[in-house]
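From first to last, the protein sequence lines stand for chains A and B. If you use the working numbering, the first sequence corresponds to residues 1 to 508, in order. If you use the working numbering, the second sequence corresponds to residues 1 to 121, in order.
Some hints here could point you the wrong way.
For lysine-lysine, the following DSS-like pairs were computed, each having C-alpha atoms within a straight-line distance of at most 30 Å [claimed, not checked]:
#: 1; chain 1: A; residue 1: Lys165; chain 2: B; residue 2: Lys39
#: 2; chain 1: A; residue 1: Lys499; chain 2: A; residue 2: Lys16
#: 3; chain 1: A; residue 1: Lys154; chain 2: B; residue 2: Lys115
Derived list of chain A stretches under chain B, where covered just means 3 residues or more per stretch with a C-beta under 8 Å from a C-beta of chain B [to be verified]:
#: 4; stretch: 8 to 22
#: 5; stretch: 338 to 349
Derived from the structure by calculation, the hints contain no laboratory data. Quantities reported herein were computed from a predicted structural model and do not represent experimental measurements. Every residue, glycine too, gets a C-beta built ideally from N, C-alpha and C.
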Amino acid sequence: MKSLDLDLLGYLHLLKVLAPEAILVVTALVVLGFGLSSSAERMRPLLTRLTLLGCLAAGAFLLIYPENAFLQNGMVVLDPIGRIFKLAILGLSFITVILSAASPVRRHFAEYLALILFSTVGMMLLAGTEDLLMIFIALELTSISLYVLTAYHKRSAASAEAGLKYFLIGGVSAAFLLFGLSFVYGVAGTMSLRELAVIAPHLANDPLMLAGIVLTLVGFGFKVAAVPFHLWAPDVYEGAPTPTAALVASGSKVAGFFILAKLLAIGFGSSVGMADWSQFRPGWLPILAIMAALSIVLGNLAALVQSNVKRLLAYSAIAHSGYMLLGLTSANVPGFTAVLFYVLVYAVTTVGAFGVVSIVERRRGGSQLQDFDGLYKTSPGLSLSLLVFLTSLAGIPPFAGFFGKFYMFSETLAASAPGTNPGMLWLVILAIALNAVSLYYYLVVLKHVFVAKPAHEIRLKAVACAPVIGALALAVLLLGIFPNVLLEPISNAVTAYTKEIAKPMQAR
Amino acid sequence: MTDYPLLVIFLAIAIVFPLIPLALAWAWAFFFSPAKPGKDKGAIYECGIESTGAAHIQFQSHYYLYALVFLIFDVETVFLLPFAAAFLKLPLAAFFALMIFLLLLVEGLVWAWAKGILQWK
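Start from the sequences and build out the full structure, keeping to the hints where you can.
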């Protein structure tokens, strides 16, 4: 291990690289401080604005500080791809805060905002590290904040149940992850992903290394809600306050998939393995393939029978985790680029969908399918936004979800060597078939919105977050038509990154 | 790499070892001892005396908040001790870094205090 000694300049440099996170922490502390005053209830708008300002300042700093950094042997990293994801996470938290401004959370609002900021810091650290220990700590910072946020409806039994389930299952998954990482550290003797990439080829068939990889994947499987580690997701999505659910579904998924991709590509790049029956080799690829197949099948089929839209979105999220794991089975640079693009598109779409649900829930008192009856009559703008989000999730052109899925599936197919039997063909066929199934349950929601007679005649009042939802819908549409706006920066950043790491990912 | 089969053998022995006396005891009981359960025979022995009253008493939830706050400051000491031991050899920057760490904890304490967590109700 290299020396961790830092002089004053070293600390200043570290602070400069981590300034966005530091800004968020300071904002959270200030918000907490304001929340202590006796008139905290009346200060809700001020607190919200302060939080939004903090997010904006952090984002602005990320944009104007162009220098790349590699500090403390990879504990803190700042590179173009990490910067894109940090900005995306900040944006998602920004939207979550806007959604929270009118949320049913009444008491301890300052703490609610502070916890959102803390979990954002965790996700951003996750996007900017190449160290096993930092990955674990950042993941825990994110998760623990999210556990509390999930249980934030103090009077709601469902929220408490969801929080407890999320906490217990998340705790177990953290134990698996830590156990796996400790195996990897025990065999390889290093925490740094890049050093691991150099050492790992000698350990490709070491049983302890493989056990470490499996345990790590189990831990991440919990975090990204892949079958068979998905059981917490429906309850959490349904029981949590809707803005929290939006953050769990978008921000934590973005950060989780980003670091999972990084871990698989660099750290475990030499233990890919083979999922073909004929030429099976142990590694992470067969595990991912199985988890992807199960998630796609179970997520899509279970969503068919849901009557609560938040629960439906949860099963849809499980299915989408499956699609993204499928993308990771490509195990090459274009495939990973496609996954990174898709996870961002998915996050934008899903946060928008949860935004619509949160407005409906607030005005009509529930998120059952019946509560969406005749939404089009009373608020057409909101309904059209929901149409955009759900059809994008179903993967219908011209929305971003279509392009993202198409790109991901085609890169997965293209990953196999030319002339040989495409290894992941069966999985892609399965995914496309069940994607057609998924169209049904999205359309059921839309049927309630556009066709069913409204039970409520009350017009939904215009709310502050409506423009944001409209903007998200527009973004989903534009990203579908001009995907290059986002794809090109990601692709360039990934290419630059692959050039930068000493040993490129092993070709299949 | 070559050590792993040995570990598997150890594991097998470790599983079989406690099973043999258990099986012997079970066989002995099955063949030689008649079943005559009684009040005293069925009593829990070697595990303390029989409990009186329900175990479902209510704790003050305040107790946990106290314990949590205590835990954080207890752990803080663990970080402070090596810092104090190496104080003279540390650069100035390390001093500032630890002061920031302490400030964060102090803010936590102030917050807990203002929220009335330190008041026993």
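Okay, the hints, checked on the actual structure:
1. A/Lys165 - B/Lys39: The given pair, whose Cα atoms are some 41 Å apart, is violated under the 30 Å limit.
2. A/Lys499 - A/Lys16: holds (25 Å)
3. A/Lys154 - B/Lys115: holds (17 Å)
4. 8 to 22: Contact hint for the stretch 8 to 22 of chain A vs chain B: holds, 3 residues under 8 Å.
5. 338 to 349: Since 0 is below three, the answer is violated.
When each numbered hint is compared with the structure, violations occur for hints 1 and 5.
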